[in-house]
Amino acid sequence: MRRPEFNLLFVFGPMLLWLLMLILFAPMIALSGSFICYVAGMVLLAYAKSEMFLRGTWFSFGPSNLTRNGRAAYRQAYELIGAGTALNLIAQLMFFVLRHGAPHAV
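The sequence shown stops at residue 106 when you use our numbering, and every number in between is there.
In short, the hints are calculated from the structure, not lab data.
Values in this document were obtained by computation on a predicted structure and should not be read as measured data.
Any given hint might turn out to be false.
[Stated by the list, open to error] Quick list of simulated restraints, FRET-style, between CB atoms:
#1 R68 - F95: 25 to 33 Å
#2 G101 - S32: 22 to 30 Å
#3 V43 - L20: 40 to 48 Å
#4 E79 - M21: 47 to 55 Å
#5 L17 - G101: 21 to 29 Å
#6 Q76 - R55: 15 to 23 Å
#7 M21 - T67: 35 to 43 Å
#8 L20 - F53: 35 to 43 Å
#9 G13 - F53: 16 to 24 Å
#10 G82 - F53: 21 to 29 Å
By construction, the Cβ of each residue, glycine as well, lies at the ideal position given by its N, Cα and C atoms.
Using the sequences and the hints given, assemble the complete structure.
Okay, here's the thing in structure tokens:
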């Protein structure tokens, strides 16, 4: 029996559609989503930094001296903070469009 083909649209399509609806129809929810991303990122960053503190390498500028879990937490923290920033910028743009209308070419 043939293995089914991996289809990215099948995997990410519903998620992207949900995100588009979230941003288009509810900028406040997008802002709260960015806040959740920020908080989760800070919690993961605190976990990675606490592991650095326990290892005695608090002033290290990178995850090279962490365990595998610590490195994953460090990487995911910055991914979540970046996602929160992107959601925040998109929500701010949507608030601007809702308040002032779409920019006109003429």
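Right, here's what the structure says about each hint:
no., hint, result
1, R68 - F95: 25 to 33 Å, "violated, 40 Å"
2, G101 - S32: 22 to 30 Å, "holds, 24 Å"
3, V43 - L20: 40 to 48 Å, "violated, 27 Å"
4, E79 - M21: 47 to 55 Å, "violated, 23 Å"
5, L17 - G101: 21 to 29 Å, "holds, 25 Å"
6, Q76 - R55: 15 to 23 Å, "holds, 19 Å"
7, M21 - T67: 35 to 43 Å, "holds, 39 Å"
8, L20 - F53: 35 to 43 Å, "holds, 41 Å"
9, G13 - F53: 16 to 24 Å, "violated, 42 Å"
10, G82 - F53: 21 to 29 Å, "holds, 24 Å"
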